[in-house]
Structures are given as C-alpha cells and as structure tokens.
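Asker: Given chain A, work out where chains B, C and D should sit, using these hints.
In order, the protein sequences belong to chains A, B, C and D. Going by the numbering used here, the first residue of the first sequence is number 1, and it counts up by one from there. Going by the numbering used here, the first residue of the second sequence is number 1, and it counts up by one from there. Going by the numbering used here, the first residue of the third sequence is number 1, and it counts up by one from there. Going by the numbering used here, the first residue of the fourth sequence is number 1, and it counts up by one from there.
Treat the hints with care, as some may be off.
[Stated by the list, open to error] With a Cα cut of at most 30 Å, we get these calculated DSSO-like pairs of lysine-lysine:
id : chain 1 : residue 1 : chain 2 : residue 2
1  : C       : K282      : D       : K39
2  : D       : K18       : C       : K39
3  : A       : K39       : B       : K167
4  : A       : K39       : A       : K18
5  : D       : K39       : D       : K282
6  : D       : K39       : C       : K39
7  : A       : K204      : A       : K18
8  : A       : K39       : B       : K284
9  : B       : K39       : A       : K282
10 : B       : K167      : B       : K180
11 : C       : K39       : D       : K284
12 : C       : K284      : D       : K39
13 : A       : K39       : B       : K282
14 : A       : K284      : B       : K39
Source of the hints: derived by calculation from the structure; they are not laboratory data.
Number of protein chains: 4
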Amino acid sequence: MSGTWNPARMRDVFERVKNWGRWGADDENGALNLITPAKRREAAASVVAGEVVSCARELAVQSSVENPNPALHMMIQGGDDCVIPGVGLEAAMDFVGVAFHGMATTHIDALCHVFVDGLMYNGFAATEVKSTGARRGSIMCARDGITSRGVLLDVPRTLGVEWIDAKNAITVAQLEATEKAQGVRVTEGDILLVATGRDARRTKHGPWSPMADGLAGMHPECVEWIHDRGVAVLGSDGVSDALPNIDIHGWGMPIHQCALVAMGVHLLDNLRLDRLGDACAKQKRWSFMFTVAPLRIERATGSPVNPIALL
Amino acid sequence: MSGTWNPARMRDVFERVKNWGRWGADDENGALNLITPAKRREAAASVVAGEVVSCARELAVQSSVENPNPALHMMIQGGDDCVIPGVGLEAAMDFVGVAFHGMATTHIDALCHVFVDGLMYNGFAATEVKSTGARRGSIMCARDGITSRGVLLDVPRTLGVEWIDAKNAITVAQLEATEKAQGVRVTEGDILLVATGRDARRTKHGPWSPMADGLAGMHPECVEWIHDRGVAVLGSDGVSDALPNIDIHGWGMPIHQCALVAMGVHLLDNLRLDRLGDACAKQKRWSFMFTVAPLRIERATGSPVNPIALL
Amino acid sequence: MSGTWNPARMRDVFERVKNWGRWGADDENGALNLITPAKRREAAASVVAGEVVSCARELAVQSSVENPNPALHMMIQGGDDCVIPGVGLEAAMDFVGVAFHGMATTHIDALCHVFVDGLMYNGFAATEVKSTGARRGSIMCARDGITSRGVLLDVPRTLGVEWIDAKNAITVAQLEATEKAQGVRVTEGDILLVATGRDARRTKHGPWSPMADGLAGMHPECVEWIHDRGVAVLGSDGVSDALPNIDIHGWGMPIHQCALVAMGVHLLDNLRLDRLGDACAKQKRWSFMFTVAPLRIERATGSPVNPIALL
Amino acid sequence: MSGTWNPARMRDVFERVKNWGRWGADDENGALNLITPAKRREAAASVVAGEVVSCARELAVQSSVENPNPALHMMIQGGDDCVIPGVGLEAAMDFVGVAFHGMATTHIDALCHVFVDGLMYNGFAATEVKSTGARRGSIMCARDGITSRGVLLDVPRTLGVEWIDAKNAITVAQLEATEKAQGVRVTEGDILLVATGRDARRTKHGPWSPMADGLAGMHPECVEWIHDRGVAVLGSDGVSDALPNIDIHGWGMPIHQCALVAMGVHLLDNLRLDRLGDACAKQKRWSFMFTVAPLRIERATGSPVNPIALL
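Extracted from the complex, chain A is given alone in its bound form (with noise of 0.2 Å):
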C-alpha cells in the first residue's frame, strides 16, 4: 500500500474509476455491460466436470452478533393442518421473508443501493430511490441473471492461512500473487470472488460482530485494479471493504462506493467460499461457470440470492 490514504486522495480514485455517461447517459446496467454472449459462450465452454457449488449462506433465521435482523420463515401450514377445503389437496405452505442487505444474507446489491453525495450510478439523484422503491438503479438490470466466467481468488489459501486479519486489508500485491500461485487471471466481464477465510474463522469461533470486531476485505488501493481489469461483478465471503476501514473521513465503505457508485460494478455480500475453494483446489482450477439469479423485484436495492459455480 503505497502512500497516505485520504479523503483527497479516495476522492481522486473515484473519480478517475467513474463509468459514468461510458454506456450512455440513461444506462442503468454499469458494469453489466461488460458481459457479452461470447463471455457467457466463454464460460460455458469452461465447464469440465459438470460439477456444482452453491456460494450461499443458509437463510440467516437466527439472530447472532452478525445477524440483528433475522429472516422469517414461517409455516403457513404444516402436515398437522395440511388438507385444503374444496381442493382435494393435501399440501403445506410456508412464507419467507427477509431485509437481505448487511452481514448474514448473501445477497447482490444493485447499483441504487449505495450513494455518494446524494448521486447513484451514472449520476441519478439518491431521491430516485423513494419509500415506494427504486426508479432507478434496481435490480432488474439483471433480470435475466448474471452469467459469465467467475474467478476465485481465494488468498488465505495463498497465504497460507486459514483466514484473513480484518486489520489486514487485502491489496493489489496480494490479488497478484494469488492470481500467479493459482495460474488464473482476471480478464474484462470476469465475476471476480475474493475469499477471506470468513467460514473457516466462523466455523472455528462462531459469529462475530463485523462492524464492532472487523471483518476482512480488500484495501481501497484495489478499487483502480478492479478498474483496470474490467471487472464485471464482485463478490466476497465478507462485504469486499476490509471493516472497520482504514481511516479515511468520509468514505466508510470505500470499495462499495467506488464500485457501485463509480463504476458500477454489482456486489455480492455475505457468499460462502469455503465449498468452491476446496472444488477449485482438488480441480486445479480457478475459474468456472458462474451464474447469479436475482429474484425479478421491480425497483429493489438488491435481492436475496443462491450464485451457483459449474466447474
């Protein structure tokens, strides 16, 4: 990490990671755009085995130190009540229900989901997003899923570790040597996964509270990486920004704002990496097939997800 960090300087690395009016000045899709039919052709020609991992958390029903807003669900009728009058149907119901946004839920966010002095993506007012829903930057820009070529960087494996230091934010040296040590790199419409060992330290230790005790992800130097590579969507097993951040007034969550408002590029929060490292590892490869399928929730910050890898 080269230099001071600071608000002039986080400010000068968003503007110059800005997409905005790139794909036109009504383009609600940002980084979307980056994934062409012949990317999609890409990744399903990359399927060898024929084999799937889910990247999803089970639906955080429980409450715990990471999870203050539990998801509901709740039976509407179980096998104790199940005939239905008139139907000729004996059958059992249930509703789910969930504020998928913060630490437990895996979700996407979509691109009005974060703003920067009042503006979204592509420089639409925060103010489209009313008590009534999103008139701009929801989700339905992936209406039709996301499907591309995913990467997974998964640098504790790298590091030899078993997970990532909150207080040791990623870095651009370390997404490199990563890519070097698993033989993959990184290329434009590309799904890019940075894994933190967060399962394995919750396996071992239980929750924790990300905001109070940290959670692990990449220092803001990775922003103009990201950039440059032509990301399309990121993920990460924690929420990409490394938490509490490193102290730049302002920017609380620099790798969501740049990514989202700047260029935006959608986020995956919360995914479990721990499955697909162990695939990638025993397959000896670390890209593969990725598919993410956003409920179709007209004018939503975001949906609830299951991203499914194909190696």
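Answerer: Using the frame of chain A, we list chains B, C and D on its own:
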C-alpha cells in the same frame, strides 16, 4: 385421452410411477438424482448463442384475482433519509417477503409441499412438516442449484393458437406432436417446460382466477409419459395441472400429486415462458442450458426463483 | 344538502375548520387536546352496567375484494414442536403483521396519514413522513391511549333501514335527527361514532369493493358540524367518507382531508358498530366510556386497534 | 421462602391451584371469569383524577440482547411519493409486524401460549395449537378487552431500591409488605401488576440478556398466593417469573406454567411500570381502572397491547 378416468385408475397410475425406494429408503432428492455431472456437461455444451432468458415473472406485489396474497416489498430506508450514522455511508435498503405458493409467484415446489394420504415422497409422514418447518423433503436437496438440459414444449405454438383453453387439458399426443414439430425429444434428466400460453392470455385479457375460471395444464394421462421419459424437473407457465381438474374425486391436482409425491419430481410453477418461446423459435432450438437456484432456506417447502435459460 | 359542491367551496370549508396554530405552532395532538381529565372523569362516571363491547373486526387475514392486502398471522411454533430446548418450557408462539390502512382492518389514522397540497395537520410538510417513518404527526401523540366519552349515532336505525346506501351520503340533518331520536347530543371532546350499517350489509351479502361499489359515509357538509361540535375523534364502520365521493375534483376523501389535516381529528376506520348499536339500544343509552389504545409504534401513520366501549 | 423447592413440590402446587373444570369443561376464559360487570363498575368508579398512563414500551424495532427478533415497521408509502392515482388523495401508509412473545414487546399471553406435559389450561391438548393457529385457548376469549381494577405492587419502592436483582426472587412476604406500605389489598378479579424496577435498570445500564444475565420476578412460592387472592390477570415489567429460575428441574418458568396452564390467568409481559409507579406515588393511590385491548386475532397465542391505567 383413452378411456375413463376415476379415482381407482388415478391411484393405479400413482402406484405405477412411484419412485419410493428407487434411490434408497432415506433419499430426499427424488428425480434430481437423474441429473448427473454428465448431464450438466451436456447442458453446458449445448450453449450456442450465449443468450440469456429469464423464465420468472416480476414479483407479484399487487393484489389481483390470481394473487390474493401479494408479496411484500417495502423500503427500510430510501434516498430521502439515507445517511447511516457513524458509518460514513449513504445507503438505501429494502425488505422482501412472500408466501410463494399459489398462482402468481414463480417458484419451485419442494417434495414436501404435497402429500397423498398423509405421506410425502419416499413415504415420509406429512407430520414431518411441522409448524417449525420441514424435517424431510425440504428444498435444501436443491441447495446447490439445479442445472441441466431444459426442453420447452410450446404446445400452443404447435397447435397454432395463442393459448390453450383450461378445459382442453394437454394430452400425450399433443406433447409428442410438439416434440416432432420442434425437432426435440425429452430425455432422461431433462427439465421439461410445458407452455400453455398463459402469458399471452394475461397480456390480452388481464389476470383471472385460476380456481374459479380454470387454468390450462396437462391431462393426468401425461403422468406416465413424464415418468417414462425420466423428467427430472417439470415446469409450466401455469401449475402443470389443468384446473379445475377433470372429475377425479380426491385427486384435485393429479400432476402435483404424482410428480411431487410419487415420482419425486420437483415442480416449477407460474413461469413466464413467452420470452423463452420467442427466443427458441428465433434460434430454431428448443433445448438449452437451464439453471434454477432456490434460496437456501432450511426446512422450506420451496422457494421463489428466477430460472434462467442459456441458449 | 344545500347548494352545489365544488372544489372552491370544499377549499373554503377546509380553511374555515382549520385548527392550525390553535394549540400552538408545534402541536401534534390536534383535537385530542379537547379530551381533558375532566372529560375522562365524565366518561368513567357514565358507566352504569359494566358491560364491555369491542368495536373491532377480527383481523382480516383472508383476501377479499375489500381486503386486497390481507394481514399475516403465522405460527412460529405450534403444539407439534413446542419444547424450547434448555428452558424447560413447552410454548407456542406466533407472528402478526398488517398493513392496517385500507378498508378491512380496524385502525386509527394518525394525523400524518393524509396531506393536502403537501402539508399535514398544523402545516408540517408531507416530507416529514420519510421512508424511515414519520417525524411529525405520528400516532405517538396517542401513546397513553385515548379515553373519553363516546357517542354512537346509529343513523340506519333512526331511518329504519338495515344500512345506508353508498350513494345517499349522510347529512347533517340526519345526524341531528339521530341525536334527537336517541336522546343524546355530541359535545366537545366526544369520540363520535357514526354507524352506516356496513356490518349488516356484509353479513347479508358478503364483502364488496368499497372503491368500485361504494361505501356509505358522511356528506362533506358534515365537516363543519363536526368542527362546531368539538369532536375529538371520529369513527365509523366505514371510513367516515362516502365513497366514491360526490364529484369534487381533487377532494377524494373530504372527511379524511378535513378531519386529519385541517382539524387534527383522528379517525377510526372499519369499526364494527353493530354489536355496540344493539347494546346501546338495549340499554337505551347512546353514550358510554370509550377507550382506544394504539400500539406505541414510533413514527407510525396509525395503528391497528381494538376500541372498547364500556357502558 | 420456607423449605426446599423441587419438581415434586412444584407439581404439587401446580395441582393445588388448578382451575380446570371450575368454569365448565369447555371454558376457555379462565380467570377472566372473575372479572364481573360489578368489578368493572368498581373499576370505573375508582377514577379520581382522570389521568391516563400507558404501561407499554415503544415497539421494539431495534435489535438488542433483549430483543433478538426485532419488530418490523416499514413504510409502504411516504411523503415523497404520496399521491394515490385516481383517488384524489395524498396519503402515507405503513406496515407493522411483530413476533410479540419474548422479552422486549409489551404483550399479553393467551392461555394456549404455554403447556405442561402437552396440555394447556382446562386440559386441552397442545396439538390444538396447529401450524395454522390455535383452535383452543386463543386470545379471542379477551376479544372485548379486559377491563377491571388494576393494582400495582411497586416492590422496589417498598424495599427502597432502584430495582430488584434477578437472583432475589420476590417473595410472598414482600408482596404483602408492599400491600401494607402502599395501603392497598389485592382482591378477586383484580389485574395485579408487579414492578421489579426493570425500566430503571435499563435506563441506567442499557438492555441486557434476560436469559444469560437474569431477569427479576417472583419466586414460585407466590403462585398459591396469586391463586388465593383471585388474581384475574397478572402483569410485570419483566415476565413475572424470575429468570433463570431457581433450580426446579423441568419447571423453567413456574409462574408462566402455573398461571397460564393451571389457573387460567393471562399474563402481561414486558410492561413499563415506572411511569405508573410515579403517577400512583404522586396520587398516593395504588389501584386504578385498567384496560387491556388485545387485537382480535383469531387463533392467536396472544397479542401486542398498550395497556392503559386510568387514575
């Protein structure tokens, strides 16, 4: 449709297509067992154009005669009050909740969704679906997503009609005529999608009540054909069953009852298949890669989904 | 109903009944200020029989034409799985959720529920009701409950009909005729309940759509009468307004608009008044102690309630 | 507290205070039967000042160690998008949802909330509380509200402490000493409120975990006293039970178990009693009119409430 249909005959079909014990006494995957790694490789290899098509409807948040229990989508925080104190971040967030079964939300039915005589697939008791959720047959058997070859049988297109009338339940002869017309054949491990033209009718006439006014679907005689072909997952723009069912007392939804309970075939209900039909017609191919990624909701009787076809 | 009603006349009434500033520029209690300790003592002193009558409908969990957004009531844990591990307790628990505004749930409207020209009671801006809740005019002004003398004007009983037709909006003359027939007079600080016979009609004909088929209520000419009498809270088995409103462009619900916004009079919508009418008729008394206890929901635009009359 | 407490002794108490069959084999009202019209008249007649005091906490929408499942309060429509098309109305609306049991929401427990050995009050089976709701013992027995004389026993005030420590379970001697100090006596049909000073402790130290760190309440020896006095409803700023309970294996919450199941006494949990204590102390009266108005939720195990004292 040869001969008369009565409860005894339906029961007989139910018994003949039973897969209970076929994959072990403890199996909860059912016909998903038919989707092998080789099948997934076949699916990926079939991608030609790199075109993605979603088969989901927009989340049905408005009440209507087909949607008596609308989904909830509400903002937690919009652009008018988006500064998160102490974090240095401006963000918008929302909540989504849905009782996904019924006739309006695109969803997958878990095998525990339906019972016959108090039993679900593989003979587990209905009471395993407790007030606190399903202990057997939950959607978690599809936790890594469902990826296979998909086949669309666009029956109205073959018949030269905009949509199938609810009273004219789709027959085996019509399925096979559609295969022939489209130059495709349903094979073991396929995800079979049967279009009835529901989207076209709704576009033209608005929503109607499936229970009161009927919903197009398949005749119960199709059950054995589905079984013989080795269908892994069955989907429709309706609910696969023709509603109201032809008069077979006690068998209100024979496709649901035979697919979920006897065969262990998961169902995809309330798909949108018009966009997929157009894409297939344009490309003159009626098979494609198909991915369904249910949310990882433990103990759930299904999940809202956004199924993605990749042609 | 003397003379013609048009927007200008309605606006004139709105201005004449305005209580803005009457109880201070910062007041958020509105006409609740008219309920004094003395008034509450009067209410308590009026109790004769010790008979309690609820004026609420059962929570409307079933969808219908009058209830497009049914309330949610779901078990978290039932008797089939009731042992709480580690606690030594068997318990059942549930969840209740409701979007209480509308035409089906008995609820109280907070003063911030309605705006005229972007302003709520006492001139606060509509934008004080943010995506995160109401900063002004919330139901918390009734946090200690509302207890006063209640008066029921059972108009259909006076007119000798089962119910009022939606087209025959209730007039001042009818209100006063009912007072006379019942031997009661509405006085300052009273909670006025106006019955239209909606319960009787629903019992006989089932639910109907208030927006499409109309809902009985008061003519806008009643606004000034309500103001002159010093009504503190206004309730009805409908929504006080006659729907659809007589043709006054831009004034869709004049009673709501004048009561909530101009006068600061809270409204009770969708009451059951048939049981109370019977009890009053039997006791030949049309005033009683009346208690409304809104849930203490900070920033809320109202609350579901179960108002209780004690005769 | 005389002698040793063990499961056998607790069972013996449970049997001695049983009201099963007392009001008929089919009774679901329990000790509410003790609240007669005369009792309500007595309550109303006791009003002197006309002062109202709410005994509810603000709906607990924020997660905390005492509130792992926060209530949902979300806007459906705020002031930034408030025009309802076609109606000629500007309105704001919201949704409220809550799993009201637990340690944070002011609520009433229905008699079906707790079971002992698979049975609820009056011997109904726990399985009558199905996945679709309670068929027996629901809160609907209080559908017309509960109005009676309330008595507050402010034990910490009598003891000269700010709050009772969880380890020092309140004894019969302390209840009677408080009666004496306050000049009041609990009589048949009363709603008894027992203050522990929880509000004062929370104000000073913030919320804590009742299960991990304990919660002040009554010793099991109070059960028979409550029974002998003919208490109709029992409430507390905690949950009446002292937590964790003194070591009586299998009796995790003896007050809950004996009150709800044996006696048929409804419970009010998580009240605020500090404001009421101050009002009583000022007026030097510890009895008052008390009204609880549960929402009319069919099949519910209780309801969130805002209980109102009128002095």
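Asker: Checking each numbered hint in turn, tell me which of them this model violates, lowest number first.
Answerer: 2, 3 and 7
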